[in-house]
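Since the structure of chain A is already known, use the hints to place chain B on it.
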Amino acid sequence: MLSRITKLVVTGVLVVTVGVITAAAFTKTVTIKVEGMKCAKCSASVSKALKATEGVQEAQVSSEKGEAVIKYDDQKLSDTKLREVINSTGFKAVEQPGQ
Amino acid sequence: MKQSRIVFAAIIILFSSAIILGQERASPEFALKDLNGRTVRLRAYRGKVVLVNFWATWCPPCRAEMPELIRMQREYASHGLQIIGITYPPETKTRVQRFARSLKVNYPIILGTRQIRARFSSEEVLPLTVVIDRNGKVNDIISGILLPEEFDDKIKPLLIKNAKEK
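As you go down the protein sequences, you meet chains A and B in turn. Residue 4 is where the first sequence starts when you use this note's numbering, and the numbers rise one by one after that. Residue 162 is where the second sequence starts when you use this note's numbering, and the numbers rise one by one after that.
Isolated chain A, as found in the complex:
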């Protein structure tokens, strides 16, 4: 009986661990430079549009730094799509070398 419970617990722990590792493997964080974000009043639209995009887990937009730090599921979204979302808000996602 005890070994059965132990087996169940071990299986449960394994399933959770695999799940967590898989989720972490699909989660990517990217920093995108955004041009034209001079007014803090307007930059709220960038984070709003990003957060409304399926696959975006977190989006922190700073008008002072002129950048967006985005945590997303790269199985659902691509870097290119994120740039398109930013561009749709009237700002410009800057292409950086190596990206």
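To be clear, the hints were calculated from the coordinates, so they are not data collected in a lab. As the structure is a computational prediction, the values presented were derived from the model and not from experiment. One thing to keep in mind: the hints can contain errors.
[Said to hold, decoys possible] Some residues of chain A that are not near chain B, with every Cβ distance over 10 Å (derived):
id: 1; residue: Lys10
id: 2; residue: Thr14
id: 3; residue: Ser48
id: 4; residue: Val49
id: 5; residue: Ala52
id: 6; residue: Glu61
id: 7; residue: Glu67
id: 8; residue: Val72
id: 9; residue: Glu98
[Said to hold, decoys possible] Where chain A lies over chain B, by a calculated footprint (3+ residues, C-beta under 8 Å):
id: 10; segment: 278-290
id: 11; segment: 300-306
All residues carry an ideal CB built from backbone N, CA and C; glycine is no exception.
Chain B alone, transformed into the frame defined by chain A:
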């Protein structure tokens, strides 16, 4: 005795909050001249679903959403949609006129003031869209760019629902 008083007070608070939350605020009124010199009275649009859109020519998301607003005005005018654009913070008439002409804006544009903006919202976000139902009540305030799903979720039901009731 003390316990029953507390319970009674809690019930009263709950009831009053429910009533307050359920009530939509009556929209502030205004009568202002648009870019063409025509007086725009908000009251005159009673019976329509009105979007009061605060924007500025220098605000990228405001500029980005305008073609979409123009499309909505064209497509949903027959369903009772009326958009009114109000520039805020204050801008020169020539600049706004030039911009509105270049986009062929198909709804009235008013040069706003701090007072007008304050009547609708204390939020400083741009753009900002106030959704007013056919009864002249503020139904929602949308901060930032108006997303297509927001139009579908918050505005379309008002256009459909109220059209059916009419």
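Now the hints, each set against the structure:
1. No Cβ of chain B comes within 10 Å of the Cβ of Lys10(A); the nearest lies about 46 Å off, and the non-interface call holds.
2. With a closest Cβ-Cβ approach of about 40 Å to chain B, Thr14(A) is found to remain outside the 10 Å limit, as its non-interface label requires.
3. Residue-level check failed: Ser48(A) sits 4 Å from the nearest beta carbon of chain B, not beyond 10 Å.
4. For Val49(A), the requirement that its beta carbon stay farther than 10 Å from each beta carbon of chain B is not met, with the minimum near 8 Å.
5. Listed as a non-interface residue, Ala52(A) fails to keep its Cβ farther than 10 Å from every Cβ of chain B; the least gap is roughly 6 Å.
6. Distance to chain B confirms Glu61(A) as a non-interface residue, since its nearest Cβ pair spans about 17 Å, more than 10 Å.
7. In this structure Glu67(A) is separated from chain B by more than 10 Å, as the shortest Cβ-Cβ distance comes to about 16 Å.
8. With a cut of 10 Å on Cβ distances, Val72(A) stays outside the contact zone with chain B, its closest approach being about 18 Å.
9. Against the 10 Å criterion, Glu98(A) stays outside the reach of chain B, whose nearest CB is about 18 Å from its own CB.
10. Requiring three or more residues with a Cβ within less than 8 Å of a Cβ of chain A, the coverage given for the segment 278-290 of chain B holds, as 4 such residues are present.
11. Only residues whose C-beta sits within less than 8 Å of a C-beta in chain A count toward coverage, and the segment 300-306 of chain B has 3 of them, enough to reach three; the restraint holds.
Figure legend: structure checked against the earlier numbered hints; hints not met, in rising order: 3, 4 and 5.
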